[in-house]
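Could you put the whole structure together from the sequences, leaning on the hints where they help?
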Amino acid sequence: MITTGRDRRVDRWWLAGAAVATVVALVLGVLAPPDAVQGGIQKLMYVHVPAAWSAYLCFLSVLIANLWGLMRTGSGAGRLARAAAEAGVVLTALTLATGSLWGSATWGTWWIWDARITSTLAMGLVYVAYLCLDSLTSTSRGRRLTAMVGVVGFASAPLVHFSVIWWRTLHQPATVLAPSLSPPIDGRMGAALAAAVLAASLVTSLIVRLRHERLLPPASSGRPTPQGPKPAPHRSDPVPTVSR
Amino acid sequence: MTGAPFSPRRRRAIASTILVASCVGLGALALTGANESVTFYLTPTEAIDAGRLDREVRVGGFVVEGSLDEGDSRSSLVLSDGESDMRVVYPGRLPDVIQEGQGAVVVGSWGADDVFLGTEIVMRHSNEYRAPEPGS
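Quick mapping for you: the protein sequence lines, in order, are chains A and B. Counting from 1, one number per residue, gives the positions in the first sequence under our numbering. Counting from 245, one number per residue, gives the positions in the second sequence under our numbering.
Be aware that a few hints might be false.
[Unchecked claim] Here are some chain B residues the structure puts well away from chain A; computed CB gaps all over 12 Å:
#	residue
1	Ala294
2	Asp313
3	Gly315
4	Asp329
5	Arg331
6	Asp358
[As the list claims (entries may be wrong)] Chain B is faced by these chain A residues, among others (derived, beta-carbon under 8 Å):
#	residue
7	Val37
8	Ile41
9	Ile112
10	Asp186
[What the hints assert, rightly or not] Simulated restraints, written as ranges between beta carbons of each label pair:
#	chain 1	residue 1	chain 2	residue 2	range
11	B	Gly355	A	Met148	33 to 41 Å
12	A	Arg144	B	Glu327	52 to 60 Å
13	A	Leu15	B	Arg318	57 to 65 Å
14	A	Ser104	B	Ser311	23 to 31 Å
15	A	Val10	B	Ala265	36 to 44 Å
By construction, these hints were calculated from the structure, which means they are not laboratory data. All C-beta atoms in this analysis are idealised placements derived from N, C-alpha and C, irrespective of residue type, glycine included.
Pasting the structure below:
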């Protein structure tokens, strides 16, 4: 991995921040009361909601990086988009898995084809397709096509978020990210949720950052490598990378 | 995620397969999943207005307080949207998740005597989260 001393310091501070936020979220999550209707299983919220939120963040990064890449050819923004899309797909899967577990306990079903769940699965598939396309394209034309898919694909994120408002769903509407000044949630649960969302955002951005560094080709990083360890073998692309 | 164990040719084959599979999946969701999820459930008022249909429908509402009547081979409850009430009969004990005053979505069809025969029932919870009352 090619990193400068400054990057290392940033990584360390980032890691420290993510660790502190995670510990705070865990403590607040344990201390928060169980839900009156759903019981203890409602604590899955502190994983499910941050995972979904972080997936949105990742896909927003894919959008921004690709827009940047389309405007500045050769900026290498495609690699950042790839790192973010990979994390986003994993987080979408985590959202569906925790949602399924939560649904089985409170709804009485593991899976149901309502608009929220269907659109979440569709969003995941959009970015799986995006990642495959990214692996398959190596020409600058192909890269532009991939970038455009990464831009247009972001339409799936608002579709997921607003599905609970636009259509009737088994999934309940949003509690916090909704146009209401007093979210209908116990203060202690709200605090745990806020801490968990912050922790997940920090952990996700750190992972995307580290993954992006691994995707950088050894020679063209443009950063000095004074005494860092030997560059990792170029791992992401079997085909020579021209300009992403 | 990294290419180490696969040859470039193999990698391309895998990526192409997954690409096609996810596009087919998206197409299937757009055609069938989306179609079904857009009108995910009818309200009791809509279900009563629609009358007898030759297919199963989903009806969503809240379980009226005091209407739950559980038995080993037959249970019943009243589902309401605040405007219309409908009696739902379910073969067997209701799943534990069903509670009075909470939402429920029932799959089924109309039987005789304006009774709705449920085959599946799930809970629909609100977006409110609160601590249990002290002593409960």
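Q. Does A:Ile41 pass the interface check with chain B, least Cβ-Cβ distance below 8 Å?
A. violated (10 Å)
Q.
A cut-off of 12 Å on Cβ-Cβ distance, and B:Arg331 was said to be off the interface with chain A. Does that hold?
A. holds (20 Å)
Q.
Assuming the hint says 57 to 65 Å, is it satisfied by the Cβ distance from A:Leu15 to B:Arg318 or not?
A. Holds - the Cβ-Cβ distance for A:Leu15 and B:Arg318, about 59 Å, lies within 57 to 65 Å.
**Q.** Cβ separation of B:Gly355 and A:Met148, checked against the hinted range 33 to 41 Å
**A.** violated (53 Å)
Q) Is the nearest CB of chain A more than 12 Å from the CB of B:Asp358? A) holds (23 Å)
Q. Does A:Asp186 meet its interface restraint, that is, does its C-beta lie within less than 8 Å of any C-beta in chain B?
A. holds (5 Å)
Q. Does the hinted range 52 to 60 Å hold for A:Arg144 and B:Glu327 at CB?
A. Taking Cβ atoms as reference, A:Arg144 and B:Glu327 lie about 54 Å apart, which means the hint holds.
Q) Given A:Ile112 was flagged as interface, is its beta-carbon under 8 Å from a beta-carbon of chain B? A) With a minimum Cβ separation of about 7 Å from chain B (threshold 8 Å), the hint on A:Ile112 holds.
Q) Was B:Ala294 rightly flagged as not at the interface, with every chain A Cβ beyond 12 Å? A) holds (15 Å)
Q) Is B:Asp313 truly not at the interface, in the sense that its beta carbon sits beyond 12 Å from all beta carbons of chain A? A) Non-interface label stands for B:Asp313: nearest chain A Cβ at 18 Å, farther than 12 Å.
Q | B:Gly315 non-interfacial with respect to chain A [C-beta, more than 12 Å] | A | Per Cβ check, B:Gly315 is outside 12 Å of chain A; nearest 18 Å; holds.
Q: Report holds or violated for the interface hint on A:Val37, using the least CB-CB distance to chain B and a cut-off of 8 Å.
A: holds (6 Å)
Comparing the model with each earlier hint shows violations of hints 8 and 11; every other hint is respected.
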